[in-house]
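For the protein sequence lines, the chains are A and B, in the order given. Mind the numbering: the first sequence is residues 1 to 662 in this note's numbering, read in order. Mind the numbering: the second sequence is residues 1 to 662 in this note's numbering, read in order.
No lab work stands behind these hints, which were simulated from the structure alone. Note that this is a predicted model, so its numbers are computed, not measured. The beta carbon of each residue, even a glycine, is placed where N, CA and C say it ideally should be. Please note that the accuracy of each hint is not assured.
With beta-carbon atoms standing in for the labels, derived distance ranges [what the hints assert, rightly or not]:
#, chain 1, residue 1, chain 2, residue 2, range
1, B, 303, A, 395, 33 to 43 Å
2, B, 221, A, 137, 29 to 39 Å
3, A, 218, B, 396, 25 to 35 Å
4, A, 655, B, 569, 32 to 42 Å
5, B, 397, A, 300, 35 to 45 Å
Computed far set for chain B versus chain A, every beta-carbon distance over 10 Å [stated by the list, open to error]:
#, residue
6, 82
7, 89
8, 91
9, 96
10, 276
11, 296
12, 299
13, 333
14, 365
15, 387
16, 388
17, 448
18, 528
19, 538
20, 626
21, 645
There are 2 protein chains.
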Amino acid sequence: MKQTVINAIRILSADTIERAKSGHPGLPLGSAPIGYALFQDFLKFNPKDPKWDDRDRFVLSAGHGSALLYTLLHLYGFSVSIDDLKHFRKLGSKTPGHPEYGHTEGVETTTGPLGQGVANAVGMAMAEAHLAARFNREGYPVVDHFTYCLCGDGCLEEGISYEACSFAGAHGLGKLILLYDDNEITIEGNTSVTFRDDVAKRFEAQNWQVIKVDLVSKPDNVLLITNAIRKAQRETKRPSVIVFKTHIGYGSPLENSPKCHGSPLGEENLAATRKKFGWEYPPFTIPEEVYSHTRKAARRGARRERDWKTMLSEYTKKYPDLAAEYLKAMTGELPEFDLEDLLTFEKPLSTRQASSVVLNKIARELPTLMGGSADLAPSTLTEMKEIETFGVFSPENYAGRNVHFGIREHAMAAISNGLCLHGGIRPYCATFFVFSDYCKHAMRLSALMKIPVIYVLTHDSIGVGEDGPTHEPVEQLVGLRAIPDMQIFRPADGKETAAAWLYALKGQAPTALVLSRQTLPNYAGSGLGALKGGYVLEDCEGTPDVLLIASGSEVEPCVAAKRLLEGENIKARVVSMPCMEAFERQPDAYRESVIPASVKARVCVEAGSPYSWYKYAGEKGEIVAMNSFGASGPAPELFVRFGFTAQNVAEKAKKSLNETRV
Amino acid sequence: MKQTVINAIRILSADTIERAKSGHPGLPLGSAPIGYALFQDFLKFNPKDPKWDDRDRFVLSAGHGSALLYTLLHLYGFSVSIDDLKHFRKLGSKTPGHPEYGHTEGVETTTGPLGQGVANAVGMAMAEAHLAARFNREGYPVVDHFTYCLCGDGCLEEGISYEACSFAGAHGLGKLILLYDDNEITIEGNTSVTFRDDVAKRFEAQNWQVIKVDLVSKPDNVLLITNAIRKAQRETKRPSVIVFKTHIGYGSPLENSPKCHGSPLGEENLAATRKKFGWEYPPFTIPEEVYSHTRKAARRGARRERDWKTMLSEYTKKYPDLAAEYLKAMTGELPEFDLEDLLTFEKPLSTRQASSVVLNKIARELPTLMGGSADLAPSTLTEMKEIETFGVFSPENYAGRNVHFGIREHAMAAISNGLCLHGGIRPYCATFFVFSDYCKHAMRLSALMKIPVIYVLTHDSIGVGEDGPTHEPVEQLVGLRAIPDMQIFRPADGKETAAAWLYALKGQAPTALVLSRQTLPNYAGSGLGALKGGYVLEDCEGTPDVLLIASGSEVEPCVAAKRLLEGENIKARVVSMPCMEAFERQPDAYRESVIPASVKARVCVEAGSPYSWYKYAGEKGEIVAMNSFGASGPAPELFVRFGFTAQNVAEKAKKSLNETRV
């Protein structure tokens, strides 16, 4: 029967792709026995409750092999029907080209961009280790599951996977099991044309257990696979990688050729493949015996969930506080924050300092808050300081909440995605704003998945100063704002920074907190108004002649320019715009009350690319922004050199006023 | 004397940082003997001719250690004076916070963002191997130099370095020598908190020679260093890494502490450091004996350049054609292209196909053109097809011009930077547009350095279709446009694609060619007008009622909408805007002739973020753009779903017209 199910996986995947006239059959044909062994004999899942907290996580990092995943989900009882498979890659179907989190039951994360899934899996295994350390008590392993990840050469060639696996090895994540489909073929040919790494040795160098399985000479030997997975499970101090030597496109005439990677096999080849496996059923027809075999695994999973629930209810009796804490963590419930306390700042701070104050207050109230920086904590100020309480996440203390992500921005962001996807944790991660470039794609995936990862990005402009243009962001603000569903919050002072954190915590999508290196004033008018994204920070009497609109540190020259303009009897309103995305969601009337259409004289000021501001400046407005890279020098001199001064803003205001009078 | 020079390097670096009140003394103190040994005994350079083609390249990948580099450049006779050191990190000085290419003589690349320099060095070593294979003849090693790169833990933790070193190992770049300052300290503490890799083993797994040097027990033993470098030089089939165990901040009271990484030592600690090394000179005073010692190295370099020139002139006599070819390559001279031929397309193609045609025509005329893709050549269509002529770059054929970069986008871009910086090569590299995210920061550095790397980015929108939102770029267009000095060219048809390539080749800055997956029409009105960035593709009689402005594939619905509008007696002009950066550089009169200020009714159409378009739409204009992520489905259905149809554009044109009448 095993062989029949494996063949069913292969042919159903290939038929799915064939019908869509689009897809990647190579991986499903080669990896079918791995998928089979995992789902049939190991994976802890209940298709009737696909979100069961203690399920094993399975990540298909090689997301182009989505047909394999959808086929497995179908055969093992998840809500993916034959009809869904027939609509593979069709608009609005449950089976999009790459697996999409939140779209298809049983899909744990959105994959496709290579290497991301490996890092997500590291985050999930990390979450498991952390929650187990916090909540498990003797005899009550409330959190106790494996994280499996299937990847190919592509994932391992990507630097992000090196970073993530280095992190996993250093932190001894023993319940992480990487299934490496080593078929030696990528799109441009044999991997040897450019990838000659000894991958086993690489993983050994990273403190992983390496297990080798030869499926080339014995392609469908399930015993080899199950033995390997058992061995991986037994190693608890190190993550394990199982190197499966496979044939890409196994059983098809295109076997071992890049040609079977990214296109349907074609009618003739598919027929030959059917023949090779002796598969006599028409497309999308699976014999009942296959389902009755796979149902055993689903039933086992349902049983395990029942047992787990029994244990949980005993645990709840024995440890009621802990159980309540666990439930709160898993549902993501937020505490009531002391807003007055959060919004109190005695003296002007940089917004990174203000963020540190807020973060530490929140950390006390929100035990699920966990995070850290890419080796910049003393600069990003993202440490939760009561180390004796909060701890450092390490092999010696998985309960620790401060994370040393290492100089690995890309993996950091993708690991944070994994932490968030797992549940039970509110992750944040931090680096210099300019290095958000390094993690850009993982941030995009946070947004695509609409998961509320918090990015703390400090040193947000030429305010960086002496470190110079390599460290001074210019284009990053609009670059992130342009990502759908990403929220960018660039506060002007401490109170706006507190609002930014609240906004990020309450959001249902990722938020980037973009923070200054340098000290900024405290404004009397700032506060929770910032939650609306844009608001009147300082107003004039009556209708303003000119609007001065800015975010973050550039609110300061606007406020000062307002005074200068007052001296010339020009009435200016200062609008603080920390979060354009929030402002754009306000009702028209509110937005009109802040930025009246009738006031055409405007100056928009931000030490970033002007692209962000054309929509608010309008045709008569002026934009004071960065039209070039920054420079190395003391920050105050840079702000003068690039025109972020009260004088220049006031000049531009008068210029805009003149324009409106033409 | 050695010890005196090493101490001079240390103290001068520390004084430089102290005076700037900003900088990173840890690396210079620890690595001074490495820098000394390299410059004194090995590096082939002539400070009087710092751009000598056959000099050794030295990359300080750990760019925060810039004081070390500036000090070495000063002591070894480059145009960096004591006064320049005194102005370290001051606005407008020759000595910015991180080394900047094109700004300071002897700085081979801009570094600071970690890992980039390692990949740049791989590109330089690759360029050397390629040019040597093309130009060297027996007895005439016209191209024959080493590439050295000094890096720290930060560089090696970054995934980009893993990718780059994997590439270097697979390609056996034997003249690349990586000097790894292994001081076990990063900003957050000991590397063991998160980086426990066996780095030596990692490099062995990547086919590198690994040499270990213990400078911890013998910090200033120059002989150990020179022996190691000699051993590295002797290995010609594999790159070498020398793992130098060092003390960060050696000799200062902050030795072995993260505290000496990123801040000046402070007066007291600096005084103690002076004492430790018995350095009795005041700040910025270097005894003459030090200069007379270092001048030996400079003189040796000058002699080597003279010898090389003698050889080159003999070579020129013996191989006049080859020598002419060599000079043309090194000066970057372009051939005269047959424009008529380049602009001829018989049938409509996707712009990626058109690009393939153009690339292959150019490749025949421009022997310095070298490049490839991150394992997507069959999709990006970036192969130079006459393989027998152009070859594949490999250990067996370094003369090959087609490069298999592997699934390593970040390293690919940074290696391309290195190829370009070396000289003698016009590099291009390719991937799907959405994965430009993975190489974003290296692209930023191309722009910051103003080097003309060509990025070929295909599959540029929801036109990707079935692969879905993970593979459909939305925010990338404005994200790249917002990078200062980056040129984005998104052609609408074959002729514009030819113009795009010409533009990229003639530019003095990087250009991204953003190309469609799907077939696009050939327009009668397209052509070299595209070089102006924006131009009238199809006009109406007299003054237009409405302007339809678009780039790339969205020109098509605009042209069709124009017809629809004609049917309703509305006069529309279609403006093709393949390159905003070029358009913005045109004279006012030209821009006004294309987009007259008086025509307020406008529709801007692009299947990317609307942020790019507010400046052209104006207050009455409409923008048809992507306000969300894409979806998985057949591309034509996606264009309909997201509003990129003639009908919708025509509707929006009428809406905008109505607006202008209010």
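Going down the list of hints, with the structure as the test:
1. A beta carbon spacing of about 56 Å between residue 303 of chain B and residue 395 of chain A contradicts the range 33 to 43 Å that was offered as a hint.
2. Judged by the Cβ atoms, the range 29 to 39 Å given for residue 221 of chain B and residue 137 of chain A is violated: they are separated by roughly 55 Å.
3. For the hinted restraint 25 to 35 Å between residue 218 of chain A and residue 396 of chain B, the CB-CB distance of approximately 33 Å keeps it satisfied.
4. The beta-carbon spacing between residue 655 of chain A and residue 569 of chain B, approximately 40 Å, falls within the hinted interval of 32 to 42 Å.
5. Restraint check, residue 397 of chain B to residue 300 of chain A: a C-beta distance of roughly 55 Å breaks the suggested window 35 to 45 Å.
6. At the 10 Å boundary, the C-beta of residue 82 of chain B stays outside the reach of chain A, the nearest C-beta of that chain being 19 Å off.
7. Remark: the non-interface label on residue 89 of chain B conflicts with the geometry, its nearest Cβ contact in chain A lying 4 Å away (cut-off 10 Å).
8. With a least CB separation of 3 Å from chain A, residue 91 of chain B falls inside the 10 Å interface cut-off, contrary to its annotation.
9. Not every Cβ of chain A is farther than 10 Å from the Cβ of residue 96 of chain B; the closest lies at roughly 3 Å, contradicting the non-interface assignment.
10. Every Cβ of chain A is farther than 10 Å from the Cβ of residue 276 of chain B; the closest lies at roughly 26 Å, confirming the non-interface assignment.
11. The claim that residue 296 of chain B is not at the interface with chain A holds, since no C-beta of that chain comes within 10 Å of its own (minimum 32 Å).
12. At the 10 Å boundary, the C-beta of residue 299 of chain B stays outside the reach of chain A, the nearest C-beta of that chain being 32 Å off.
13. Distance check on residue 333 of chain B: its Cβ is at least 29 Å (rounded) from any Cβ of chain A, clearing the 10 Å threshold; non-interface status holds.
14. No beta-carbon of chain A is positioned within 10 Å of the beta-carbon of residue 365 of chain B; the least distance is around 25 Å.
15. A cut-off of 10 Å between C-beta atoms confirms that residue 387 of chain B is not in contact with chain A; the least separation is 12 Å.
16. Distance to chain A confirms residue 388 of chain B as a non-interface residue, since its nearest Cβ pair spans about 17 Å, more than 10 Å.
17. Listed as outside the interface, residue 448 of chain B is inconsistent with that label: its C-beta sits roughly 6 Å from the nearest C-beta of chain A, within the 10 Å cut-off.
18. Distance check on residue 528 of chain B: its Cβ is at least 28 Å (rounded) from any Cβ of chain A, clearing the 10 Å threshold; non-interface status holds.
19. Listed as a non-interface residue, residue 538 of chain B keeps its Cβ farther than 10 Å from every Cβ of chain A; the least gap is roughly 26 Å.
20. Against the 10 Å criterion, residue 626 of chain B falls within the reach of chain A, whose nearest CB is about 8 Å from its own CB.
21. The beta carbon of residue 645 of chain B is kept farther than 10 Å from every beta carbon of chain A, the shortest such distance being approximately 15 Å.
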